[in-house]
Amino acid sequence: MFSKKNLKLLTDPINKDNPITVQVLGICSALAVTVKLEPAVVMSLSVIFVTAMSNVVISLLRNTIPKRIRIIVQLVVVAALVIIVDQFLKAFVFDVSKQLSVFVGLIITNCIIMGRLEAFALSNSPKRAFLDGIGNGLGYGAILIIVAFFRELFGSGTIWDIQVMPEKLYQLGYANNGLMILPPMALIVVGVIIWVQRGRNRELIEE
Amino acid sequence: MDRNSNKYTFIYAVIMVVVVATILTFVAVSLQPFQKQNVELEKKKNILAAFNVESNPDNVESLYKEIIVDVFAINVEGDKLENVDAFNINLKDELRKPPAEQKWPVYVAKTQNGDIKYIFPLYGKGLWGPIWGYIAFYEDLNHVFGVYFDHKSETPGLGAEISTSEFQKLFIDKMIFDDNGNFVSIDLIKTDATDNNYAVDAISGGTITSHGVRDMLKTCLSAYLKFIENNKK
Numbered sequence: 018m019f020s021k022k023n024l025k026l027l028t029d030p031i032n033k034d035n036p037i038t039v040q041v042l043g044i045c046s047a048l049a050v051t052v053k054l055e056p057a058v059v060m061s062l063s064v065i066f067v068t069a070m071s072n073v074v075i076s077l078l079r080n081t082i083p084k085r086i087r088i089i090v091q092l093v094v095v096a097a098l099v100i101i102v103d104q105f106l107k108a109f110v111f112d113v114s115k116q117l118s119v120f121v122g123l124i125i126t127n128c129i130i131m132g133r134l135e136a137f138a139l140s141n142s143p144k145r146a147f148l149d150g151i152g153n154g155l156g157y158g159a160i161l162i163i164v165a166f167f168r169e170l171f172g173s174g175t176i177w178d179i180q181v182m183p184e185k186l187y188q189l190g191y192a193n194n195g196l197m198i199l200p201p202m203a204l205i206v207v208g209v210i211i212w213v214q215r216g217r218n219r220e221l222i223e224e
Numbered sequence: 129m130d131r132n133s134n135k136y137t138f139i140y141a142v143i144m145v146v147v148v149a150t151i152l153t154f155v156a157v158s159l160q161p162f163q164k165q166n167v168e169l170e171k172k173k174n175i176l177a178a179f180n181v182e183s184n185p186d187n188v189e190s191l192y193k194e195i196i197v198d199v200f201a202i203n204v205e206g207d208k209l210e211n212v213d214a215f216n217i218n219l220k221d222e223l224r225k226p227p228a229e230q231k232w233p234v235y236v237a238k239t240q241n242g243d244i245k246y247i248f249p250l251y252g253k254g255l256w257g258p259i260w261g262y263i264a265f266y267e268d269l270n271h272v273f274g275v276y277f278d279h280k281s282e283t284p285g286l287g288a289e290i291s292t293s294e295f296q297k298l299f300i301d302k303m304i305f306d307d308n309g310n311f312v313s314i315d316l317i318k319t320d321a322t323d324n325n326y327a328v329d330a331i332s333g334g335t336i337t338s339h340g341v342r343d344m345l346k347t348c349l350s351a352y353l354k355f356i357e358n359n360k361k
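So the protein lines, in turn, are chains A and B.
According to this note's numbering, numbering within the first sequence proceeds without interruption in unit steps and concludes at 224.
According to this note's numbering, numbering within the second sequence proceeds without interruption in unit steps and concludes at 361.
Here chain A stands alone, though its shape is the one from the complex:
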């Protein structure tokens, strides 16, 4: 299962083929759910589940799907999985599901998922498709969590709702940065991540 080739499916999307920082997909939800760490983690897990499962299902069906309704079949599978996730969140982590509100439903339109189905699941075995789905989900989740970490730290002074900025700092005149909580800052943090990543990995720099 974890041959070198298969392992690459898992690790490439985390770094040099990252859906957010390299392919620039799935940006909208990355901006919306990264104010705090907890919703970002729940969102990441939801996306990992949906990418992995939809990849497996589509890969299993790949030889039966009628060509003309290919996209519709993919959409139905993704939509069904997303609804299942949404129902589970509402039942077991109600608070987080309230914060994520429409963004769980919008996983359906997340370009990463349809992109992987089209580009990978339709032409690969379920096992490889599964690893590819997990890998891309992780790549998306990793960026979300990094962004959420910095936004929560500087925007609210907390990590996972636990106060980490020392009280003394506030007395010295430090204030939480309100801009961090607003969406533009997520874009800037993502930009910084892309910068750092390209700085470290010369292959990614275009001519």
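Take the hints with a grain of salt, since some may be wrong.
[Said to hold, decoys possible] Each pair of labels, with its calculated beta carbon distance range:
| id | chain 1 | residue 1 | chain 2 | residue 2 | range |
| --- | --- | --- | --- | --- | --- |
| 1 | B | Lys253 | A | Lys33 | 47 to 53 Å |
| 2 | B | Lys360 | A | Cys128 | 34 to 40 Å |
| 3 | B | Tyr326 | A | Tyr191 | 36 to 42 Å |
| 4 | B | Glu194 | A | Glu135 | 53 to 59 Å |
| 5 | A | Lys22 | B | Ser133 | 52 to 58 Å |
| 6 | A | Lys25 | B | Lys253 | 51 to 57 Å |
| 7 | B | Asp186 | A | Ser142 | 42 to 48 Å |
| 8 | B | Lys354 | A | Tyr191 | 52 to 58 Å |
| 9 | B | Glu182 | A | Gln188 | 22 to 28 Å |
| 10 | A | Val213 | B | Tyr326 | 39 to 45 Å |
| 11 | A | Cys45 | B | Glu194 | 30 to 36 Å |
| 12 | B | Lys171 | A | Leu62 | 36 to 42 Å |
| 13 | A | Arg219 | B | Asp186 | 48 to 54 Å |
[Unchecked claim] Now the stretches of chain A that chain B is said to cover, found in silico as 3 or more residues with beta-carbon under 8 Å:
| id | segment |
| --- | --- |
| 14 | 35-41 |
| 15 | 79-85 |
| 16 | 96-104 |
[To be verified] Straight-line C-alpha distance at most 30 Å; calculated DSSO-like pairs for lysine-lysine:
| id | chain 1 | residue 1 | chain 2 | residue 2 |
| --- | --- | --- | --- | --- |
| 17 | B | Lys193 | B | Lys280 |
| 18 | B | Lys231 | A | Lys115 |
| 19 | B | Lys280 | A | Lys107 |
| 20 | B | Lys164 | A | Lys115 |
| 21 | B | Lys231 | B | Lys297 |
These aren't lab readings, by the way, just hints derived from the structure by calculation.
Ideal placement from N, C-alpha and C gives every residue a C-beta, glycine not left out.
Given the coordinates of chain A, work out where chain B should sit on it, guided by the hints.
For chain B alone, coordinates are given in the frame of chain A:
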């Protein structure tokens, strides 16, 4: 069978839809009890928040039992209605009915030293969607003990500020009746309202939401006027 034929495509689509629908129905039905419970806990938590009691999902049930001693429904004439499930009254539906048919819930809370407080639910329109909340009064049914507001989709940082405790604290000890006993409700005004007994500071940049809160208070509290008259101390 030819995968590109109409027949194959059609049958494929039908089977797929039926299978997916079955799975989703099963999931939705089996998770519904949990979801219902969550909604109920959320409501209890909000009611307690108006009573200035913080709760979390673990202790909300026991705190609610301890603090809320009675729940009943009234009509706009202030008469108590029998055999009505007051906790599950949906204000959105009630507000659409003619006043004579409306049912309004009343929550009675008791503090540790035996003081009685009344909590009324609120429901209205914000800028982008519904806003709602609860307002708790002292026994005189004039001074505000605490409020809780929430919203579906107000703008973060502007209208959405109504759900912050900083904004909600402004309402404490304000009054809804003037010196002559006329109902004036609580206004949201632009100028400083610190010394104004009948108004609080509106939200800068959240004018329409502020107006929504003002109208919500006026509309919903109007329905309780007869009840207040009969029960104030």
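Results of checking the hints against the structure:
no.: 1; hint: Lys253/B - Lys33/A: 47 to 53 Å; in the structure: 50 Å, holds
no.: 2; hint: Lys360/B - Cys128/A: 34 to 40 Å; in the structure: 60 Å, violated
no.: 3; hint: Tyr326/B - Tyr191/A: 36 to 42 Å; in the structure: 38 Å, holds
no.: 4; hint: Glu194/B - Glu135/A: 53 to 59 Å; in the structure: 57 Å, holds
no.: 5; hint: Lys22/A - Ser133/B: 52 to 58 Å; in the structure: 37 Å, violated
no.: 6; hint: Lys25/A - Lys253/B: 51 to 57 Å; in the structure: 54 Å, holds
no.: 7; hint: Asp186/B - Ser142/A: 42 to 48 Å; in the structure: 46 Å, holds
no.: 8; hint: Lys354/B - Tyr191/A: 52 to 58 Å; in the structure: 53 Å, holds
no.: 9; hint: Glu182/B - Gln188/A: 22 to 28 Å; in the structure: 25 Å, holds
no.: 10; hint: Val213/A - Tyr326/B: 39 to 45 Å; in the structure: 55 Å, violated
no.: 11; hint: Cys45/A - Glu194/B: 30 to 36 Å; in the structure: 44 Å, violated
no.: 12; hint: Lys171/B - Leu62/A: 36 to 42 Å; in the structure: 27 Å, violated
no.: 13; hint: Arg219/A - Asp186/B: 48 to 54 Å; in the structure: 52 Å, holds
no.: 14; hint: 35-41; in the structure: violated (count 0)
no.: 15; hint: 79-85; in the structure: holds (count 5)
no.: 16; hint: 96-104; in the structure: holds (count 4)
no.: 17; hint: Lys193/B - Lys280/B; in the structure: 27 Å, holds
no.: 18; hint: Lys231/B - Lys115/A; in the structure: 28 Å, holds
no.: 19; hint: Lys280/B - Lys107/A; in the structure: 16 Å, holds
no.: 20; hint: Lys164/B - Lys115/A; in the structure: 14 Å, holds
no.: 21; hint: Lys231/B - Lys297/B; in the structure: 28 Å, holds
Against the hints set out earlier in the document, violations occur for numbers 2, 5, 10, 11, 12, 14.
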